[in-house]
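**Student:** So you can see what is in the structure, the chains are spelled out below.
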Amino acid sequence: MWMKTIGGLVGVYLLIGLSDMLGGRGPTVDIVWLLENISPYAMCGLGVALSIGLSVVGASIGIYLTGASIMGAGVKEPRIRNKNLISIIFSEAVGIYGIIVSLIMLTNLEMFGLEAAEQNFAMKAQNYMSGYIMLGAGLTAGIANLVCGWAVGAVGSGAAIADAANPVLFVRLLVVEIFASAIGLFGLIVAVILNSKVKMGNIV
Amino acid sequence: MGDTFFNIQHGYLEGIVRGIKSHLLGASEYANLSQCETLEDLRLSLQATDYAPVLTADIGNLDVRELEDRLRTHLVDEFNEVKRNSSEPLTTLLNYIQHGHMIDNVVMLLLGTLSGKPVAELVAKCHPLGRFPNMGTIGIATNSSELYEAVLIDTPLAPYFKECSITEEKLDELNIEVIRCVLYKSYIESFYDYCQGLGDTTAEIMAELLKLECDRRAMTISLNSLGTGLSKDIKESLLPARGHLHPYYLPELAKIDDVEQLKTIVEGLPEYKGIFDDGEENLEDKLIQKEVHMCIDSFLHQFHYGIFYAIFKLKQQEVTNLIWIAECITQKSRHKIETCIPHYP
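Chains as they are written, first to last, in full-length UniProt numbering: chain B, 1 to 204; chain C, 1 to 345.
Rather than coming from a laboratory, the hints here were simulated on the basis of the structure. Any given hint might turn out to be false.
With a straight-line Cα cutoff of 30 Å, these simulated BS3-like cross-link-like pairs (lysine-lysine) come out [unchecked claim]:
hint: 1; chain 1: C; residue 1: Lys332; chain 2: C; residue 2: Lys255
hint: 2; chain 1: B; residue 1: Lys76; chain 2: C; residue 2: Lys83
hint: 3; chain 1: B; residue 1: Lys4; chain 2: B; residue 2: Lys124
hint: 4; chain 1: C; residue 1: Lys313; chain 2: C; residue 2: Lys211
hint: 5; chain 1: C; residue 1: Lys290; chain 2: C; residue 2: Lys255
hint: 6; chain 1: C; residue 1: Lys263; chain 2: C; residue 2: Lys332
hint: 7; chain 1: B; residue 1: Lys76; chain 2: C; residue 2: Lys290
hint: 8; chain 1: C; residue 1: Lys313; chain 2: B; residue 2: Lys76
hint: 9; chain 1: C; residue 1: Lys83; chain 2: C; residue 2: Lys125
Produce the complete structure using the sequences and hints provided.
**Tutor:** Written out as structure tokens, the structure is:
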């Protein structure tokens, strides 16, 4: 279904482009023009939204995968319920990574004068770069956290069931879970370093 | 991908089912049970297991019948608990499990009424997993068209009856067995196709389990039909066509004249190689043992529907085992206990 949607959008874009080109309005089909006219603020906003949004989706996948199994396995073995809350905490941490990245990006977001930017090319470049960096950082953190939450959830669900069957296994599976949880940290670190390059505002 | 969303609907039930599985009786419990001298001892030994609540001390006089009743009720309660909490496609899979028992019940009722037993007594004997409304009315059927139109048309078994030749011929023992085979064949084939439609791990696990079931039916039918005078074509049409024996070995299986020929055919398949090697137990026990192992193995995968089929197979086998032990105790032949229990890890 996704492929069809994407294919449809590309098809519509190509049709419009072709009709413009054949109708003598060629220069309006201009990707550079499109990119230049997207405001850096839009990029910032998109970055923040993607980072927090995808992270929360990852965290929720992790929590439901784990939570459903803990509830079910806890019916016959109630002792697992306290220990396995740690899997829920790991999933929740994934959401927190997303918040951290979003907050850092929001503190870096500054107003800049569009008029001044048109006069000063270095300043314009600086602000546009910041916009793209924030989009990139948001995507990095968001996607990393999405798959991290997924992995933590799947392992956590297995851990709950394994713990119910044999208590010795819990500590071993916890190690696996910690490694899964580290995937999200990679995304967080890269996003934070990317954000240190951001410099917005009326500065050169 | 599909695995990930399994837990939204079925994660809770999977947890419960795995809980039930880890509470199945193990080797040490069986060792204890086989030491029991009386049924009262048996009841006490079961106090430490999942069966404690169903075997409370208030049963005055515990006999095998009562024990069987209570164990089965317990099994059905667990089944219903899972089924009530289930959502599609699991509900359909659980329905399929029930349909198998319904077929057995219908055939038992038909055979019972044929030999003139009272219907009420027969209905009480039916497996509770396969109960359906209006079971008592089955006794009125004298031929297969009446059976279909009066009783089965309102039950979930109606679609399976399509392939049965609906005749006005009077129902006799052979007819009823043929009806059972046809119903079961179309049931198990439809079950197999349904599971393949679910795809992923479910298809993989259920294929192995149901193929074994098909092959077991095929072997049993071809053995039981020896000397009944059924023609080879009819015989072949009764064998479920989904197992490992399908398609190359089924015609051969329909042609056999004795057990040795069956053994030669079955041994030729890699899946059943060496199954007759020690030659002590009978074929049925061997296949049950194989099935139990496969059911246990299916728990090694997560996020699939096969465990729901497997757990109720295992549970039923456990109930059968307990009843067998109880029978052995009451008939003072305890040496038989060990020989007939499939081994649990």
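**Student:** Does each hint hold? Answer for all of them.
**Tutor:** For each hint, the structure was consulted:
| no. | hint | in the structure |
| --- | --- | --- |
| 1 | C:Lys332 with C:Lys255 | violated, 42 Å |
| 2 | B:Lys76 with C:Lys83 | holds, 17 Å |
| 3 | B:Lys4 with B:Lys124 | violated, 38 Å |
| 4 | C:Lys313 with C:Lys211 | holds, 15 Å |
| 5 | C:Lys290 with C:Lys255 | holds, 26 Å |
| 6 | C:Lys263 with C:Lys332 | violated, 34 Å |
| 7 | B:Lys76 with C:Lys290 | holds, 27 Å |
| 8 | C:Lys313 with B:Lys76 | holds, 19 Å |
| 9 | C:Lys83 with C:Lys125 | holds, 23 Å |
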